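Asks: Fit chain B to the given chain A structure using the hints.
For the protein sequence lines, the chains are A and B, in the order given.
Under our numbering, the first residue of the first sequence carries the number 1, and numbering increases by one thereafter.
Under our numbering, the first residue of the second sequence carries the number 1, and numbering increases by one thereafter.
Honestly, the hints are just simulated from the structure, not real lab data.
Values in this document were obtained by computation on a predicted structure and should not be read as measured data.
There's no promise every hint is true.
Said to hold, decoys possible - Below are the BS3-like pairs computed for lysine-lysine, each with C-alpha atoms no more than 27 Å apart in a straight line:
1) A:88 - A:127
2) A:95 - B:200
3) B:169 - A:98
4) A:89 - A:55
5) A:9 - A:55
6) B:188 - B:169
7) A:104 - B:198
8) B:144 - B:29
9) A:127 - A:138
10) B:169 - A:138
11) B:178 - A:138
12) A:138 - B:198
13) B:169 - B:198
14) A:44 - A:20
15) B:169 - A:102
16) B:159 - A:138
17) A:138 - B:200
18) B:17 - B:29
19) A:32 - A:127
20) B:240 - B:188
21) A:127 - B:159
22) B:198 - A:95
23) B:200 - A:127
24) B:17 - A:102
25) A:102 - B:188
26) A:20 - A:98
27) A:9 - A:88
28) A:104 - B:159
29) A:95 - B:169
30) A:81 - A:9
31) A:104 - B:188
32) B:169 - A:127
33) B:169 - A:104
34) B:188 - A:138
35) B:144 - A:127
36) B:247 - B:144
37) A:20 - A:95
38) B:159 - B:188
39) A:127 - B:198
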Amino acid sequence: MLNVGRIEKGFVLDHIPAGKSMSIYHHLQLDKLDCTVAMIMNAKSNKMGAKDLLKVECDLENINLDVLAVIDHNITVNVIKDGEIVEKKELILPKEVKNVFKCKNPRCITSIEQELPHIFVLSDGNKQVYRCKYCEEKFDARSFF
Amino acid sequence: MRHLITPLDFTVEELEKLFDLANDIENNKAKYAHACDGKILATCFYEPSTRTRLSFESAMLQLGGHVLGFSDAGSSSAAKGESVSDTIRMISAYTDICAMRHPKEGSAMVASQAASIPVINAGDGGHQHPTQTLTDLLTIRSLKGRLNNFTIGLCGDLKFGRTVHSLIKALTRYDNIKFVFVSPEELKVPDYIIEILKEKNIPFEEVIRLEDVMPTLDLLYMTRVQRERFFNEEDYIRLKDFYVLDKAKMTLAKDDMLVLHPLPRVNEISVEIDQDPRAAYFRQGQYGVYVRMALILTLLELV
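Just chain A, with the same shape it has in the complex (with noise of 0.2 Å):
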């Protein structure tokens, strides 16, 4: 058995996927966060079988919990303070997206007008699809990611 330590401040992202805590990672940018971050991979889960958790030292208001949700918003996010969970946050599918995907329509005004931002409109909560406010070119989030 693998033992990570504990951490004193910060948050653990729990039940993500078997395999997709890099990909998370990277989308979360915390590579550019001047803090640690455990990643533990293809742990044993009663609920999902295999899972992967990730650890983060530092505050949880230094990422973009819409990211997260739109990634899988049945990931649990645990805040901890002194060792201990304090808070289960909720993830919600945003209504509305800035800047996580971008549209790929090369008819759209986007792919022009560099200066705007990408912007995706949940447009069907079930099949976690989006769609371009400008466009309305189809995004499906769980196929992205």
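Replies: Coordinates of chain B only, in the frame set by chain A:
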């Protein structure tokens, strides 16, 4: 301040008022001849257009206003790389209202966010063309007397045809409409439109042969396969003459079926049916001017 970016920007009730106004303009032109005295319409056309631009200009001139603008991107500052947002900020300083056509989808929405004058989407790429939709709805309402209880066939390029997308969205708000989509496999209605119809439980069918469905239609909306929407010339050549509406097909249609077309047509409607009383596409062009007059007056809050 209001804009018109998508055909759903106006409620059904607001559209009724707009169409009543358009019909009043049709019957009392002199009453509105000076309604826009001193006002200026900008026509910013980054893409070639004949009838949309001229119908806007005709509408404003018939209301007593003035018009300025450009008719291709090469003669605008876009050729120097200026953004749509910056262009519309300047246009806002020169004019009172702007009609804009741009090849990129969502461009009119971007313009409306930066503008301090009403913006009318006169076509944004293959996406939306709401004033054509207003024209189509006014034509149907004026010639059929209603905007509900009919089966409409839409034929041709249903993938890139923005007039089709806008019209379908607009008609989903009326009761008892059935859609029949007639197109080759490559030019089918996009899935987001199908999603909307399924969500609202609106009946539709997709077929390839026009002849099979002609007898069931109350309205037939023909479209042109547009060369400018294709990246591949070979695909365009293969699909451009897939449908031709001729006398033989018209014999299968109901006596009171109307044929609509946003124009320009190329080969998809044979000239031999232009004299058929069911051919409504040229009358549709006239209604396009009345509805744009009503729209300008409404957005400028002059009624």
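Asks: Of all the hints numbered above, which does this structure not satisfy? Sort the numbers upward.
Replies: Violated hints (numbers, rising): 19, 24 and 35; every other hint is consistent with the structure.
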